[in-house]
Amino acid sequence: MVIVPETISGRQEAQSPSRMTPPALRLRKPSQPAVTSDSVIRAEGVTIRYADFAAVRDVTIEIPDRQVTAIIGPSGCGKSTFLRAINRMNDFIPSMSISGLLTYRGQDIYGPKSDAVDLRRRIGMVFQKPNPFPKTIFKNVAWGASINGYRGDIHELVERALRRAAIWDEVKDKLNQSAFALSGGQQQRLCIARAIALEPDVLLMDEPCSALDPIATARIEDLIDQLKTHYTVVLVTHNMQQAARVSDLTAFMYMGELIEFDATDKIFTTPSEQRTQDYITGRFG
Amino acid sequence: MTLVNTNFEPRLAHRRRIGWFFAFACASMVVLAVFVLGVLLISVADQGWRWLSLDFLDNFPSRLNPEKAGVKSALFGTLWLIGLTAAVSVPIGMAAAIYLHEYAAKGKLTRFIELNIANLAGVPSIVYGILGLAVFIRLCGLGRSVLAGALTLSLLILPVIIIASREALAAVPDSIRLAAFGLGATRWQTVRSHVLPAAIPGMMTGVILALSRALGEAAPLIMIGALTFITFVPEGPLDTFTAMPIQIYNWIDEPDLIFQELAGAGILVLLGMLLPMNAVAVGIRAWHQRRKAWS
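Protein sequence lines, in the order shown, are assigned to chains A and B. If you use my numbering, the first sequence corresponds to residues 1 to 285, in order. If you use my numbering, the second sequence corresponds to residues 1 to 295, in order.
These are computed hints drawn from the structure, not numbers from a lab. Among these hints, one or two may not hold up.
[Said to hold, decoys possible] Pairs of lysine-lysine residues, derived as DSBU-like cross-links and limited to a Cα-Cα distance of at most 35 angstroms, are as follows:
id : chain 1 : residue 1 : chain 2 : residue 2
1  : A       : Lys113    : B       : Lys72
2  : A       : Lys172    : A       : Lys266
3  : A       : Lys139    : A       : Lys172
4  : A       : Lys139    : A       : Lys129
5  : A       : Lys139    : A       : Lys266
6  : A       : Lys228    : A       : Lys174
7  : A       : Lys139    : A       : Lys113
8  : A       : Lys129    : B       : Lys106
9  : A       : Lys139    : B       : Lys108
10 : B       : Lys72     : A       : Lys129
11 : A       : Lys113    : A       : Lys174
12 : A       : Lys135    : B       : Lys106
13 : A       : Lys113    : B       : Lys108
14 : A       : Lys135    : A       : Lys174
15 : A       : Lys228    : A       : Lys113
16 : A       : Lys129    : A       : Lys113
17 : A       : Lys172    : A       : Lys129
18 : A       : Lys113    : A       : Lys172
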């Protein structure tokens, strides 16, 4: 049976069960390649086009639960496009079309029963550039929970999210100040707190450190390592050292195709594909 | 100079002279514009200031007794007119802009509609007067009422409100929208909580400037027959009315010199209504720019 994601606090789902898409009744494949636990996101022959241009071609991948999966590759290789397809953030690009099967815990993400709004609560997103709302720090974290009908103690939730995002000590005395008063690295951790306040199942991170300095980057990387106890993290990065440092599995994409997907150690020491070898040794990209 | 490259001929003095000349030309135009405006204001004030008093605001116009004439009916007519115009045009204009920018698919039809709204903003106001006469007065049978006038002026300023509101919405960065959608917000939740609060100051600026344009319009009101001698204040939206620009026009049309002076006083009253409105618009914009923290 496919596992229905539990909320972290063990609290009841805020939304009524009737609004949830029922998980498909199907058995997981008993053996999976190079993957130690259950897969959360599964892609089978996924092709994503912008008008006529295929940004992602025939990608098949299984992303495991409670692990950090990094997607690396040169600019324009389709890694961000693939990431944004997982929580349907590409829906806002009118020319986008997708084929193949992309599932989240057995549910077809692009199926007729799938609700993008509900999906995005379960599959949170952290963007490349920190994008806090022009509101207070507290409201930044609390808003997502309140619009999704959170019925628990909102102050407790905000504190827990900020603690998990390793920013509580820095902001606890200025929760009512504008989020713009924070530094770029703090803003990005606030955005992570904002995403995990929804108690999501999966966190998608689209080059979360590319706008940050090395110290802020190191803090976010530490944080990603802690986050995987609670969440499945999918991280897009064009920083190979970052992928090597924080991820358990690494996928290498090139020209829209998934070239290789394996344990991070293996990708960075003994990749089976020549193109992976060339990329990680800096011969192109 | 140790570094000599014969491929360049900088002519720095010449380039700076051109720059200075251009700055001087632009500054002269500013002086000219302010000067013309100043002459206009001073001549109007010179004509009208003697008649400005509380009595002038509280008396009705009089042909037989110009010394006791006032603008009460026109003043209240204008207040009614602008209130009703705002009540009609602001919700419609803002809703249309929100739909066009936040909801409508960016297709050929949307572009076609937007292009035509921009064209409508350039249509002469008298044409709206003809439309108001045909539709609101003749077809809907509203008569020469404040409501008919307000609906006509609403048509006139709707394109301006829609364009200004749309631009205010376009100035809100998409990263805010994506952040909200990424948290599982619906489109309305995104618009309501993040896009509108950021766009409202810009929208209000456009609305106020559009309303102050409606305040000064005479042509469409003449067209729908507000050009009447009225000595009472409208009590409801279906009463006949007159407005400040009409009253000023009426007085200027009179041969006696004293009426010219009354017209000057009327203009001062109209300006006295316009200036605070524009000041509020400028104030909102300044406040908004200070508050706008994202880049």
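Now the hints, each set against the structure:
1. Distance check on the hinted pair: Lys113 (chain A) and Lys72 (chain B) sit about 64 angstroms apart at the alpha-carbon level, beyond 35 angstroms; violated.
2. With a C-alpha separation of about 41 angstroms, the suggested pair Lys172 (chain A) and Lys266 (chain A) falls outside the 35 angstroms cut-off, and the hint is violated.
3. Using a Cα cut-off of 35 angstroms, the hinted pair Lys139 (chain A) and Lys172 (chain A) holds, with the two alpha carbons roughly 13 angstroms apart.
4. Restraint check: the Cα-Cα separation between Lys139 (chain A) and Lys129 (chain A) comes to about 19 angstroms, which is no more than 35 angstroms; the hinted pair holds.
5. At roughly 43 angstroms between alpha-carbon atoms, Lys139 (chain A) and Lys266 (chain A) are farther apart than 35 angstroms, so this suggested pair is violated.
6. For the hint pairing Lys228 (chain A) with Lys174 (chain A), the CA-to-CA distance comes to about 28 angstroms; that is within 35 angstroms, so the pair holds.
7. This hinted pair checks out: Lys139 (chain A) and Lys113 (chain A) have alpha carbons roughly 32 angstroms apart, not beyond 35 angstroms.
8. For the proposed pair Lys129 (chain A) and Lys106 (chain B), the alpha carbon gap of about 25 angstroms is at most 35 angstroms, so the pair holds.
9. The suggested pairing of Lys139 (chain A) with Lys108 (chain B) is violated, with an alpha-carbon distance near 38 angstroms, which exceeds 35 angstroms.
10. In summary, the hint linking Lys72 (chain B) to Lys129 (chain A) is not supported, as the alpha carbons are separated by about 58 angstroms, beyond the 35 angstroms threshold.
11. With a CA separation close to 42 angstroms, the supplied pair Lys113 (chain A) and Lys174 (chain A) exceeds the 35 angstroms bound.
12. The hinted pair formed by Lys135 (chain A) and Lys106 (chain B) meets the criterion: a straight-line CA distance of about 29 angstroms does not exceed 35 angstroms.
13. Using a Cα cut-off of 35 angstroms, the hinted pair Lys113 (chain A) and Lys108 (chain B) holds, with the two alpha carbons roughly 30 angstroms apart.
14. For the suggested pair Lys135 (chain A) and Lys174 (chain A), the alpha carbons sit about 12 angstroms apart, so the restraint of at most 35 angstroms is met.
15. Annotation: proposed proximity of Lys228 (chain A) to Lys113 (chain A) holds, straight-line Cα distance about 29 angstroms (limit 35 angstroms).
16. With a C-alpha separation of about 32 angstroms, the suggested pair Lys129 (chain A) and Lys113 (chain A) falls inside the 35 angstroms cut-off, and the hint holds.
17. Restraint check: the Cα-Cα separation between Lys172 (chain A) and Lys129 (chain A) comes to about 23 angstroms, which is no more than 35 angstroms; the hinted pair holds.
18. The straight-line distance between the Cα atoms of Lys113 (chain A) and Lys172 (chain A) is roughly 41 angstroms, outside the 35 angstroms bound, and the hint therefore fails.
Consistency with the previously given hints fails for numbers 1, 2, 5, 9, 10, 11 and 18, ordered from lowest to highest.
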